[in-house]
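Make the full structure from the sequences, and use the hints.
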Amino acid sequence: METVLLDLVDPPKWWLRIGLEKGGPVSGCPEQGCDTSALTTVDLYCETHGRFLPAARVIPSKLVAAAINIARVAVCAAFVLAAQIKTSLPLFLVGALVAAVVLLPPLRLYPIALRWALACWALVTVLTLIFSWTSLTAQRIAVLTLLIVLMVITAVHLGPLAAKSSSQALVEGSGVRSVTARVRGYVAASAAILPVALTGWLALVLLQMAWPIDTGRIRDFLLTTAIATIAVAGLTAIVFGILFSGNTVDFSFRRPVGPPRKPSALTWSLARWRPKQISDRDLADRVSRDVTMLLFQVAQALVLLARSAVQFARLLLYAAVYLLSTGVNAILSVMLWAALWIASVLVGAAQSLRGAVRVLNRAIPHTLRVVVLPVVFMAYAAALTLFWSRRTYAYLVDGTAWALAESLLAAASAVVLLTATWTALSGLPVRATTRSATRTLAIFGANALVLLAVGGWAVGLAGTFGRGEIRVGPVTIVASVILLTAWLWSRRRSAPGSEGS
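For the sequence shown, my numbering gives the first residue as 35, with consecutive numbering after it.
Because the hints were derived from the structure by calculation, they are not lab data. Incorrect hints may have been included.
[Unchecked claim] Beta-carbon label-pair distances, calculated as ranges:
hint, residue 1, residue 2, range
1, Leu97, Asp432, 37 to 43 Å
2, Thr121, Val410, 23 to 29 Å
3, Val368, Gln331, 53 to 59 Å
4, Val368, Ala237, 48 to 54 Å
5, Arg469, Val431, 38 to 44 Å
6, Ser367, Leu329, 54 to 60 Å
7, Pro297, Arg323, 34 to 40 Å
8, Val325, Ala347, 21 to 27 Å
9, Val160, Ala101, 37 to 43 Å
Built from N, CA and C at the ideal position, the CB exists for glycine as well.
Here it is in structure tokens:
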């Protein structure tokens with residue numbers, strides 16, 4: 035599906051290619067015998083030698099080790115500074131940097147997604163700082179800013195993506211097909227604003243906060259935008275149906291009322307009369323014959339006259355019926371044509387809307403994956419980082435086990451959210467990203483255990499003897515025991531004559 039989206043975006047805009055990149059070439063570490071067959075674009079460590087791949091070919095290993103040690107010292111210093119100035123701000127900054135390390139390196143081969151993730155993480159980090167260490171008004175402004183930014187970015191991404199996803203037919207087709215694709219894209223682009231506007235309106239309605247500005251106008255604007263979006267999408271679909279109605283419904287039909295049958299000619303006539311043979315000498319017979327012939331001729335004339343009158347009346351009735359049927363046919367034809375035209379417009383509009391829905395069914399999940407969910411996940415991860423810093427500070431000062439449990443749970447949740455973020459932006463299968471994240475967590479967890487053990491003693495040793503705020507606690511002791519046990523087990527395994535040798 036997303037390959038099709040990538041092909042349809044022409045010319046490609048960078049904000050439309052978020053999540054559609056294939057990733058750069060995968061390369062292993064410079065060590066000999068490095069196997070790259072199982073590596074993916076999001077792997078951070080070499081499968082063969084365990085080298086950190088983002089810096090394996092650019093920075094020498096000694097410099098990498100020095101940078102890691104400097105980072106460890108800086109983390110320990112942040113813990114000491116937080117205890118001295120009695121605030122969790124240094125811990126939040128450290129947590130934000132560690133979260134950036136979790137989020138950004140897996141996207142190193144996806145330059146657009148990398149820049150997008152960096153910008154979003156910087157934004158949510160700044161907004162979290164404003165939300166945590168400023169006044170109530172600034173906190174509400176931060177929440178409103180994040181909501182507005184999310185709505186604008188979603189609309190800017192979803193609308194053009196929906197319009198561009200119909201442009202393939204503009205290249206492959208011509209005439210009505212290209213216009214149909216263009217209209218479908220326009221309808222989808224206008225309809226794409228609807229879920230964004232409704233989501234923003236619903237969020238402002240549900241967030242019952244005393245906003246620093248009048249959000250009533252914003253809600254009215256969003257609701258008006260949603261209604262206008264529906265109207266524009268429907269009007270565009272109807273205009274398309276009007277312009278191209280002949281391509282959806284067959285307008286050929288027979289006349290509803292057939293013409294009347296033309297009347298046949300009448301054959302009314304009198305039987306032929308033949309006078310009797312009479313003698314010319316008989317005067318009465320001759321007069322009778324003449325009178326009878328006269329009467330016969332008069333009857334014939336009357337019959338002819340009646341026949342003509344009846345025939346004329348039949349022709350008048352035929353003409354009237356013919357004209358009436360012609361008028362009825364004309365009226366019914368106009369009504370039928372209008373009904374077919376309306377049906378054609380509705381069918382064309384429905385086809386356009388159906389095509390727009392198909393486009394949105396393909397564009398909305400993609401926008402959710404690469405825009406909405408990453409921003410939401412990063413916002414929650416930043417909030418969890420803030421919560422982690424405060425609970426960690428509480429554990430450093432008070433040493434309560436409940437604060438430690440909350441801190442660990444917040445850290446684990448933030449790591450899961452950030453992992454889900456770079457998984458969504460990379461577009462790789464969940465199985466591949468889970469495998470990569472599991473391997474990275476195993477190697478990174480070992481380094482974190484070393485930092486926890488060594489840093490815990492370095493930071494808390496002075497406080498244990500009453501010269502500092504931070505004391506060595508059970509976490510440092512347990513981490514030290516685990517580290518010492520692992521070191522002894524490794525030494526025994528590598529000793530000559532052991533089973534591991």
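Okay, the hints, checked on the actual structure:
1. Leu97 with Asp432: 37 to 43 Å: Distance hint for Leu97, Asp432 holds at roughly 39 Å.
2. Thr121 with Val410: 23 to 29 Å: For Val410 against Thr121, whose Cβ atoms are near 28 Å apart, the range 23 to 29 Å holds.
3. Val368 with Gln331: 53 to 59 Å: holds, 55 Å
4. Val368 with Ala237: 48 to 54 Å: holds, 52 Å
5. Arg469 with Val431: 38 to 44 Å: Given range 38 to 44 Å: holds, Cβ gap about 39 Å.
6. Ser367 with Leu329: 54 to 60 Å: At roughly 56 Å between Cβ atoms, Leu329 and Ser367 fall inside 54 to 60 Å, so the hint holds.
7. Pro297 with Arg323: 34 to 40 Å: Holds, at about 38 Å.
8. Val325 with Ala347: 21 to 27 Å: violated, 33 Å
9. Val160 with Ala101: 37 to 43 Å: violated, 25 Å
Going down the numbered hints, you'll see the structure goes against 8, 9, while the others check out.
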